[in-house]
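Engineer: Based on the sequences and whatever the hints tell you, model everything.
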Amino acid sequence: MGALGFTAPWLLLGLVALPLLWWFLRAVPPAPVRQKFPAVVLLFGLKDQQIEAQKTPWWLILIRLLAAAGLIIGFAGPVLSPEDTSERARQSDKPLIVLIDSYWPAASDWSIRVEEVDNLLQQAQQGGRVVAIQQAHFKEAAQLAPASIWRERLAAMSPVAWDAPYDLGVLQHLPEGESIWLSDGVKRDGRRELYALREAVGEVAIWQPDRIVFGLTPPVLEGQDVELRALRHRAGPAQDMVVAGYGRDPAGQLRALVEEPAEFAIGTTEKDIVLNLPPELRHRVQWLELAIGGQARSAGQVALVGESLTRRRVALVGAGESETLALLSPDHFLRAALAPSTEIVEARGIGDAVRASPHVVVMPDVPDISEPDQRALAKWVAEGGLLLRFAGPRLAAAQADQAGIVDAVEDILLPVRLRGRGRAVGGAMSWGAPQLLAPFPTDGPFSGLEIPEEVSVVRQVLAEPGPELAERTLARLVDGTPLVTRKLLGSGQVVLVHVGANAEWSNLVLSGLFVEMLLRLTEATLATPSIDPENGLQTEDTGVVSAPWLRDAQLSAQGALVRETSPLSTPLNALADAVNGQPSADAPPGIYSNGTRQLVINSLHIGATLSPTNWPRQVVPVWQDKPTVRDLSGWVLGAALALVLLDIAGTLWISGRLRSGQAARAGFVIVALGLAAPEAGVAQVADGQNEDAADQSVSPSVPDQVMAAAAEVTLAHVLTGDPELDALARAGLTGLSLSLSRRSSVEPAPPVGVALEQDDLSVFPLLYWPVSATQPLPSSQAYERLATYLATGGLILFDTRDAGAGGGNSAESRKLQLLAAPLSLPPLDPIPSDHVLTRAFYLIDTFPGRYNGTAWAEAAPPGAAAAEGVPFRLLNDGVTPVIIGGNDWAGAWAVREDGRPMLPVGRGNAGERQRELSLRFGVNLVMHVLTGNYKSDQVHVPALLQRLGQ
Amino acid sequence: MTPTAPSVLSRAAATAQGLPPLMVAARHLADTVQLGDHGRRRAGQGDAFWQFRPAQPGDPAHRIDWRRSARSDQAFIRDREWQAAQTVMIWCDPARSMAFSSDPSRASKSDRAKLLALAAALLFLRAGERVGFPGSDRPPLRGEHGLPSRLTDLDKAPPRPSGLPRRSRALFLTDGLADPKIYEHLLGDAASSRIRGAFIQVLDPAEERFPFAGRSLFLDMQGDPKFETQEAADLRAPYLERLAGRKKALAQMCRDAGWVYHCHDTITSPSSVLLWLYHALGARR
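Residue numbers (the working numbering), protein chains in the order written: chain A, 33 to 982; chain B, 122 to 406.
Just so you know, the hints here were simulated from the structure itself, not pulled from any lab data. Don't take each hint at face value.
[As the list claims (entries may be wrong)] Straight-line C-alpha distance at most 25 Å; calculated DSS-like pairs for lysine-lysine:
no.: 1; chain 1: A; residue 1: K411; chain 2: B; residue 2: K369
no.: 2; chain 1: B; residue 1: K302; chain 2: B; residue 2: K369
no.: 3; chain 1: B; residue 1: K347; chain 2: A; residue 2: K79
no.: 4; chain 1: A; residue 1: K219; chain 2: A; residue 2: K171
no.: 5; chain 1: A; residue 1: K68; chain 2: A; residue 2: K79
no.: 6; chain 1: A; residue 1: K79; chain 2: B; residue 2: K369
no.: 7; chain 1: B; residue 1: K368; chain 2: A; residue 2: K967
no.: 8; chain 1: B; residue 1: K368; chain 2: A; residue 2: K79
Structural biologist: Structure (structure tokens):
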């Protein structure tokens, strides 16, 4: 595609001179080797065997001509396919419509897309074109506006965490004009139609980065295994990946609890992954993540787990009522069996049980349920609960009472109708032997469980025979009578075990089988509550109001879980769609709860697949920085240089100088250099792409640095990738270190910059983190280490350097929110006037830097009160983990090489005073970090002295 | 070993003794040849015992060896061997062509010739001979200790050695690339002065092997172009033939004059040529 063009075509006239060069080179033989030789006298009179003067061989001339041609062409500036620019310029009167696929598949390389669009807008701005940018998920069509306006809006555009078919109803209203479609390459409904729509009103160019989109389906619990599938939208070479499960460890740290490496085989698009996790670990996992080396995460690579893997809450109804002996109590064995794997909620009544929003309600031998309770329970079951009932003497008696009523309605909370008093077999007064269990049906929830031989049943309640009895039976005895029956009710189920929950009727409860059966039943509770869009909010005749679903946290397109500051209410029909695999703007992927149940919506649903899009045949997707405008002069000049070097080698060889060993070595070096030179040229051409990589390697992190920092108190700042800012931070910490050495007994080593991705943080007591709007987000591993750092006593001083302007809405503040979101920081307060920071070394009451704004630290515990006779409350037993502000402290502290301040603060003497206060704050801060609450404890000194005096 | 690259230690030693590196190298080289006293094989002044002879009238009494005489009735006189010092004149060709070296790391012909000259001088001095350098106005040297002060004489060698003492010995070190007639005259003059000696032709490996190829322009040592060829490799065979002819002619001249001839390649070890020199001069005595 794309023809060759030249930026300076007139230089090509030089090619005319080539034949002249040819003639010239033909005429001149290669220069002779000049050789000092004392024995030349012996040569006099010797005759050459070849009389004719030697001419330059044709191939050497050819090489030289090619080299000359290469130089001429190279300097003429060849570029590939420049017609795009020219064409764009030609069409500059037409509006430019940019259509961006803004769903999650585009999230991991969103910044590249934004950059491309920005380039495009820049060109459009120069050409004075009107532009409309349409993000595919927007619900209204974009309007034409000057490119400059769109460039401002572009910065705020972001992808969304879900994927949806194109809304043609909206997109058909897009203005006419030349279209550029930034596609993500994933198959999506409506794409062809949209293409046809756009093609009808103008030219369409498809820009599509050549990368693979990865996804991870939500996990499914299969027995003890967690099963999920890793997806990619296009088959490719083998690809390593890591599936990691994140959650809080027992110490409360959010970290990767499980990491399972896996690999896409060549040519496959799916990989089934089975994680075999012990329940204790599994219950802690909050989300699973598919990590691909060298690629940013997107929402599709994150599978929120929600409650599907967590511990089941089981409510035990009627517990603790009876005063029987422990081993005879109806729920002792239940408790013993459930406690290891579930969370048991004690409930006195059914109302309590439902309010605790359990997954399972267990009722051991509860015969009568009052009418309102029955309704509440039925509703709860219908919403996805599991009611597990056990028979017993009382239930049997109650059923016997009802048996007389012929047309007794079927009890909605019993799976089957029961008859009479049940039966007793194998007792002293009865015929027959105790009944054994029949093997479990293979399609039931108990399939595969082994039945111990000694398990037998002496008494049971019997089901009334009926047409549905067979399908409701989950387990039966060898004589065919049901042992466990189940009825589906709404999206929940009611299960009845026909024997008691204690050992009176059967020794089932004494066996391990009982534990496993309970585990199977509780795990089988529906992970996703069903949402009925019609009557979710309606007040039913029962009087029970279903609580609205609220969104607690939302998954960002980059796959980060962002807690909502206040839970948002969610429309039910949107939520119902989301549950069925179609999240939308109203119900984006995230975590929802309605007070009783939790619900997670993922970007991908369980059965999801990813496949590449099929463009019409005539469409060739391109990506801007590969096949389009491309400067070839580096390559051509490199080739010319290689030819020149080849010519040198050839000339040396012809004149015989290559034969002596040294010359050969020199020639080899020259040729090797020549081969390396084009490589360097290529690297230069391609360096735009690995700027990120270069950024990360700004500071060579050597263990030496860690060793040095461990040996002495070392202040550290986070490398942001912005060299100017990093230099300022370093100078600031240098100034603070100087002041500390001068004024206190702390004599810090020279400050260092730390790269969060690789450096060891544990040796630094304080991290100064200047926030720049452009710095990249650290990886999840880096966050994990930051969390460890904070949890083990580190302190991060965040500085947005914007003087708190914009009310937390400046670019830096927004960046700070992004940066700090995964850190699980405690609640913050403006630093109170009695905080230990105000008296750790100096007595100060403000915390100025170059600006004098509010600084924030960990909030005081609610119960803190001032002790008697002490002017301040005893706050912050621990050291606050973060201090956040926008006062540009480093700017105030920064000194030049010669110790003079680097930046001005304020004006005149007042400014110098502010710098002094700023340094005092710095000293206090370091003292606070190093001595913790020591100064708070100092307040006790008078009291202690007084006591000692007595 | 080469004078251009002495080790740090030897250079320090040389500086301490006020000796140029060449001297040290020469001394090392001379030490490789173990030589005895070469007596004149007749009675005379010397240290070595030669014979007992019956005392003649007129012999001084203090020369009587009483121990020998006590064994008989006759008085015996202990004769010592006559050790007469020979003068050896050493000439290094100062021609510009001697400064040539085909490899910067290798000593030039001139350096090698001077090294050999000094080493030989040391050997001769240790053997009790006198060593002189043509072109110097000082008399021939006696004793090893005086050699360092005479080093400048080595550089003052005239283009043609003249004024050699009659009946002395001579050592000529040259590359033999000048006009052959010059050497013929030189050797003829020497022969007529009853001077015998050794003629050592010092050649560079490049001169011995002619390793050139391709189009070449050969310069003399002044840097003037002298000879151009299109393919130097083709000239190798005729050149080597001519060189052999020159060597043969020089050897013949030496034979005619009663001299010994040796061709030394600077790529080979200098000690071998020194050993040859010692034996050659010894054998001709």
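Engineer: With reference to the structure, classify each hint as holding or not holding.
Structural biologist: Each hint tested on the structure:
no., hint, verdict
1, K411/A / K369/B, "127 Å, violated"
2, K302/B / K369/B, "14 Å, holds"
3, K347/B / K79/A, "14 Å, holds"
4, K219/A / K171/A, "20 Å, holds"
5, K68/A / K79/A, "19 Å, holds"
6, K79/A / K369/B, "23 Å, holds"
7, K368/B / K967/A, "102 Å, violated"
8, K368/B / K79/A, "22 Å, holds"
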